[in-house]
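Enquirer: Protein sequence lines correspond, in order, to chains A and B. Under our numbering, the letters of the first sequence match residues 131 to 942, in that order. Under our numbering, the letters of the second sequence match residues 10 to 203, in that order.
The set of hints was computed from the structure by calculation and includes no laboratory data. Note that the structure is predicted; figures quoted are calculated from it, not measured. Incorrect hints may have been included.
Said to hold, decoys possible - Derived contacts from chain A toward chain B, CB cut-off under 7 angstroms, selection only:
hint, residue
1, N732
2, A735
3, T740
4, I742
5, I782
6, T785
7, W811
8, Y813
9, A823
10, A824
11, G833
12, N857
13, K858
14, Y861
15, W907
16, F934
As the list claims (entries may be wrong) - Some residues of chain B that are not near chain A, with every Cβ distance over 10 angstroms (derived):
hint, residue
17, K57
18, T73
19, N127
20, Y154
Ideal Cβ positions, reconstructed from N, Cα and C, are used throughout, including at glycine.
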Amino acid sequence: MLATFQFGGIIIMRSRYLLCMVLIIAIISNLFSQKIDILGKVSNKENIPQLGVIVKLQAANLSDTTGSDGIYHLYDYPIPNDNIKFQDRFFLTKLEGANLFFAVKQPKQLVRIEIFDLLGRTVETVLNEKLLQGNYVVNPLGHSKSNLSKQVLIIRLKVGEVLFHSKLINVGHSMNRTFNHYAVNTLNPIAKSPKGLDTLIYLKEGQVITSKEIGDYIDTIPDLFIIQRDIYGTFIERPKSFKTVNAIISGDSIPDSTPKVAALWYNEPNQSYSGFVYFVYSSQVVNYSVHVKVFNVDSNLIGRSVAVNFPSIAGDVAIPAFNPNNANPLVTTRDTIVSINDSIRLNAFCTDSFGGIITKWEWSINGAGFVKTSKSDTIIIAPPDSNPEYNCMVRITDNDGNSATDTMKTVICRDVPFIDAGADTTVSINAPVTFSGSVTQKFGVIKMYKWDFNGDGVFDDSSSISPTVVYTYTHEDAYSVKFYVRDDDRNEAFDVRSVSVGNNAPEITSIRPDTTISIQDSIILTGTAIDNDGSITSYAWDFNGDGSYEYTDPINPTSGYRYQSAGVYNTAFLVTDNDNKKALKTVNITVVEDIPIAHAGNDTAVFMNTLITLRGTAEQQFGTIIKWEWSIGNSGFKKTASSDTTFLLPNIDTTLLCILRVTDDDQNTSIDSVNVTSGKWDYLGGTGISVGAANYNSLLFIGDTPFVSFAESANNEKLSVMKFSNNKWEYVGSSIITDSAVKYPSLAAYNNMLHVGYLDVKYNRKPRVIKYNGSSWEYDTLGLSLITDNNQWITLACNSKRRFLFGTCGST
Amino acid sequence: MQNNTGTWDLLGSSVFRPQGDGLYTSLAIFNDIPIVAFADSIGGGSMKASVKKFNGTAWEYIGTAGISQGAIQSTSLAVYNTIRYLAFSDNGYISVAKFNGSQWEYIGPPKFMECPLNTNSYLAVANQIPYVAVVREGKISVMKYTNNAGWQYFGGRDFIQGYSISLQASDSGKIYIACSNIENGNKLSVLQLK
């Protein structure tokens, strides 16, 4: 039984880069011997067939190359997968050549085939019967009962209620009747999902343009377009061991995991490359990214360009010039210095280009050959007796198979410790000596310290911890002291210092500090001393620094002393041991007179006939005041029990000179005096008599009664006169006497009658006299015409008989 | 001028000395006769202190003209019983003199008290004891003279801050002083020694 399938389509491309490919694929399979028959054509957009396009049916391992007609044909090959069976299909009704293809889709339907001429007249009824379900191929003319001449006829097919009309050209030949029925099988699952049947792959110039599973297109074949793009660029240097250069393209329709790879041509003389890449055309703009990879003869990546983005509709793609040898990984190391037996970590800093990874690390230690390590660094042990320098090489390899190397120099030193036993020194017998050696070492630790104190070659002390030790020499001699250390690498070091042990002078360990005292003060002079190699036999003091020691004692170093005169004394302390070796130190004793300073107090005035206490004080740096004396007036000094003295002032006004004399414990004396006035001014009737400020005050007594006149500022400098009576001040007459301001009022009494002469400001400072008649004030007649204006000053004087007014008129 | 009849009469010439004599004047009455002290530009010359009395017709010197050692800046006359006293400031010092009937003689040393120039002197006499008051730098002092002690401060030096002072003795011989009291708002104060 035979089943036939046909697919077809035409697309015309506009660009010269576009090819129009018309595919006509026919797969003809027999249910019992299914075979492939695919026919296709590749054209450009101008419908020009494309030559040299290789089309492969992958699983079937069939291939064909388009010829000058652009046609390829894959056929007569069993479907490789026996489980795959094509689905049977009803024929489409069509007239092809002399054969009419049609299908009966119902189990049993009436089929009527008629032939008409162009006038509609029935020429012949070819078939009119119920047929079984299936496909049929009929040669209607072969069924014609008449011998039809060459003419144009109309054939009508009616299957059930479905009609089909077509022109039928009778070529005038009689044909054998053929009527073939093909049964239609039931549908099977493979036919419903034919993917995996096989894949068509289109290649040009070794580049896969596209691939499609043929199962997708059993019924229909979509139009397919491809785009050709130029890719080119140059290398900045010649590739090393060049093999190929490829363009790697990915983009919207090409995943990064499966990029399109296009082999490019390398033009060695000018270090350039170029080539094409083909894409399936899409009416939408597709963005792509391309970079170029260079491979060596071992097919290892040795260089890579930067990625360049470009859209599908753009023109050529220019790759920036790049180094075709830039794909090697980078590795760096650093030289180091270590000590023998130390663990050395050899560390390499590795990076790979373009996001690659390092897949292998190898180290070669001092030319011993590379040994693979699990990571970039490795640890070795510096041997004790080997080359002082190791050349350690690291080699790394990346995932592209590229490798890089670097060499580091490891200097292995013995790192002998540098030690110092200390400076030469001189010590005393029996004096503990501290030996503290110093050790300097760059690596490692000291494991042993040893000291040979007397230079006999035998170490007297050893320690694994401390280089410090205390030793006491008991014999006078010069010793060579050896200091020895050993480190953890068994490196050893020595140093020697000299120690001279002798009989030394005693040492004064303390002495009284410089001191300032007063004459006659006692001072304790003391000090301490030691003698490490003997005993002290004498302590001596030279108090005044004249070289003569006034105090000597074999046991007691302390002496008291009183300096009799002021000065600075360089007092010496001399200590002598049993070997008559001496130690001397001095101290400055400053002796001052320290005269006391007496303070009798400030001058004062006190009411007569009252008790007064004078309080004296005194200042002194050292010592104490032992005697206080006061002289009051001419009484002479009298000792007082304390610094104070109390006495009764006389009932007369007088000034007493009161003298204080103090005496200190060194019999130094000092005096100070204070004037005490017996008689103190006391306010009469209060501190303020006037209302406001008073001016031109004039005081007058009539008998023992005081009167006072003044210009009262509270009353615009008008005249007031007051009288002190009954222990209070009261106004004489009214508080305001004049009607204008007054200047230079003078108060006088004429026959016990109060008079005031003054200059009247209101009348241009002319003099006026006003008098009190016992009840009121009245102006005295004055020949004002005789007195000029603007008097400077005036005064009034009266007695019981006369009144005199004296003043300056103008400037006379 | 004098008045003893209800009218005021001019004694002598109204201008008894050339210009300048009227400076630093003081007035007192001695035996009903007015006496005047002043800075004398002629008699004593050099503005020294001189004292004149009115003899009924004219003014005449009491003693010699020019009592002070130098130019004066103040005078203060006082009369006690039959003795005329004169205090004056003499080029920065205070001096006190009395007229012994024929001449002026200093009481105590001349220039016994230092004071600023232009310091006024105020004189009072009680029981034949002269007292003189001055204001120095706003502070008042009173000194008294006794034959035993000479000039001594009376009631203490600078006992109060004041100005515009008036020194007087009561009839019983007590000394009082009136002043404008700086310590009390320049109000009038009267003080006596106790």
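Enquirer: Quick one: work out the minimum CB distance from N127 (chain B) to chain A and report holds if it exceeds 10 angstroms, violated otherwise.
Expert: Fine: 14 angstroms to the nearest Cβ keeps N127 (chain B) off the interface.
Enquirer: Interface hint check: F934 (chain A), Cβ to nearest Cβ on chain B, cutoff 7 angstroms. Holds or violated?
Expert: Holds, about 4 angstroms.
Enquirer: Under the criterion of a CB-CB separation shorter than 7 angstroms, is W811 (chain A) in contact with chain B as hinted?
Expert: holds, 4 angstroms
Enquirer: Could you check if N857 (chain A) really has its C-beta closer than 7 angstroms to a C-beta on chain B?
Expert: This hint is violated: N857 (chain A) lies away from chain B, its Cβ roughly 13 angstroms from the closest one there, beyond 7 angstroms.
Enquirer: Can we keep the W907 (chain A) interface hint, with Cβ of chain B closer than 7 angstroms?
Expert: Violated. Min distance 17 angstroms.
Enquirer: Does Y154 (chain B) clear chain A by more than 10 angstroms, comparing its Cβ with all Cβ atoms of that chain?
Expert: Since the minimum Cβ distance to chain A is about 12 angstroms, Y154 (chain B) lies beyond 10 angstroms and the statement holds.
Enquirer: Classify the hint on A823 (chain A) as holds or violated, based on whether any CB of chain B lies nearer than 7 angstroms to its CB.
Expert: Hint holds; A823 (chain A) Cβ to chain B Cβ min 4 angstroms, cut 7 angstroms.
Enquirer: Given T785 (chain A) as an interface hint, is its Cβ closer than 7 angstroms to any Cβ of chain B?
Expert: It holds, given that the least Cβ distance between T785 (chain A) and chain B is near 5 angstroms, below 7 angstroms.
Enquirer: Min Cβ distance, I782 (chain A) to chain B: is it shorter than 7 angstroms?
Expert: violated, 10 angstroms
Enquirer: Given a cut of 7 angstroms on the nearest C-beta pair, is the interface hint for N732 (chain A) held or broken against chain B?
Expert: Hint on N732 (chain A): violated, closest Cβ of chain B at ~11 angstroms, above 7 angstroms.
Enquirer: Could you check if A824 (chain A) really has its C-beta closer than 7 angstroms to a C-beta on chain B?
Expert: holds, 4 angstroms
Enquirer: Does G833 (chain A) hold up as a contact with chain B if the rule is Cβ-Cβ below 7 angstroms?
Expert: Because about 5 angstroms separates G833 (chain A) from the closest Cβ in chain B, which is inside the 7 angstroms limit, the hint holds.
In summary, the structure is inconsistent with hints 1, 3, 4, 5, 12, 13, 14 and 15 from the numbered list given earlier, while agreeing with the others.
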